[in-house]
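Q: These are the residues of each chain, in order.
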Amino acid sequence: MAASGSHLAVFAPVGATGRVDAVVRRLADAIALGVLADGEQLPSEAELAGLLGVSTVTLREALMALRQQGLVETRRGRGGGSFVRTPSEPLELGARLRAYAVDELRDLGDHYAAIAGAAARLAARRALPADVAPLLRSLDDMAAVSGRVAGRAAGGPSGGPSVDAGSAALIRLEGRFHVEVAAASQSARLTQEEIRSQADIGPLLWLPYGDADGHDEVTAQHRAIVEAILRGDPDQARDLAERHVCEAMERLIELRLAVD
Amino acid sequence: MPQTGMHSGPAGATAAADPADAEAVRRAAARVRDTVEGVFAALLDVRDRTAALVAGRSPGPAGLSRSDLAELRPVLFGYLGGLIAGIGFIAAPGLLADAPWYLEWWQEDASGSRVQLLRDLDPASSAFYDYTHWGWYTGPLEGSERTICGPYVDYLCTDEYSLTLSVPVTVEGVFAGVAAADVLVRRFEGAVVPALREVPAPAFVVNAAGRVVASTTAKWLGGSVYRGEPGFARHPVGDLPLSLVVAGTPGG
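For the record, the sequence lines run as chains U and P.
For reference, each letter of the first sequence is one residue, going 1 to 260 in full-length UniProt numbering.
For reference, each letter of the second sequence is one residue, going 1 to 252 in full-length UniProt numbering.
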């Protein structure tokens, strides 16, 4: 698979409360941060409602809000459907973050850390080389993308789309990496929970660091998780995976606290 | 009835020495073999029918198209259900005239209806599903006549703990894609565990890498890894990449 794990996350069922808002928030994050690419066609209304576990009425309401925000364009007739529109203005992170209360972020982080930790622990006990191969490939793919991003940042022209292709690709790869760790646990339920956590907060949580130090630190954390799984060290794998999520959430909460 | 734990001393020899126990092990291995071979028989049929479709066409714009592969549907539907939760043909990239990548893949949804699995197969899309990395594709591509992948968490198709079995489809020596089927581990268990239970000792099926597929002991459940253990012996399962591991019996 390439990036489709991250799409599964975007389209995983939403919770019972505030369904229209939840659908809007999730798709808006995915579009604003480039997890869904500009011009990409969304599944049909019936299919998308089915994937998200909401009624078509709820979905239509959410799509209407997204159209108003300019994030989705709907064309009628043959070849019609709803298409992703990546905003041309720079990403306004504050606007995205305002949709989340600090308490909610903290709770999402607690839950996600528990899932990621438990999955990594079981992966270290159960993974065979064939289960680790996709993780290694994801690490290589992330390194290749960050190489390109770093190269452009050093000498390339500034401006362009609000979220560059490199950071969107990194968010997708990060999501894929975590789903692969969860799958290595051999637990379908933990994998489904991992996908759900990513759906709820993934694109913001895995927003790449702007500075090289932060980026290197995240890369080192990924490598350490994979190495603990390869070594068959369950406690270490769990601690590292929990810390990885907790630190990412702490950074996101700091950003959230900075906006009113 | 089932003796638990390891056997030692004279008592330990009973499972090995008792012809009835050896017979139970043989039968259990045969049940596992027949269960898996049944799925492969379906795949060989799908393979032959697909190869016939491909062989009738020339490469290029007038070549095989997606709609031609729809002719496989009655055959696929006939095999879907029971042990087989998903089945189809996965085209080698570039095989079809009207799509660079394509799956003619059908599965049962939660309510038991047949649905076609639709994945984004546009290489330019961010959701592009590149199936050529998966073992069920690379195995047949690299010449394996019968590939058994998993058990693994199949989060892209069944969303469950599954096995994927696959065979290559070749036409005049040229690889055209794979015929494959998904088998849910819980259904596989249902098919083989009754025969494993007839073995009067802990018994379980492992894949070539040592991953347990189905078992009669909580110590070695499906998903765990068997790395060899004193007092356990491996028995072959036909010529499949699977073994039956039984406590207290000499290996075959």
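Simulated from the structure, these hints should not be mistaken for lab results.
Keep in mind that the hints are not guaranteed to be accurate.
Claimed, not checked - Straight line, CA to CA, 25 Å or less: simulated SDA-like cross-link-like pairs of lysine to any residue:
1) P:K219 x U:L128
2) P:K219 x U:H111
3) P:K219 x U:R189
4) P:K219 x P:D21
5) P:K219 x U:L255
6) P:K219 x U:G117
7) P:K219 x U:D110
8) P:K219 x U:G232
9) P:K219 x U:R60
10) P:K219 x U:R231
Said to hold, decoys possible - So the derived list for chain U, only partly shown, Cβ under 7 Å to chain P, looks like this:
11) S88
12) L93
13) R126
14) A183
15) Q186
16) A188
Cβ atoms here follow ideal geometry from the backbone N, Cα and C, with glycine treated the same way.
Q: State the violated hints by number, sorted upward, taking the hints as numbered earlier in the document.
A: 2, 5, 7, 9, 11 and 12
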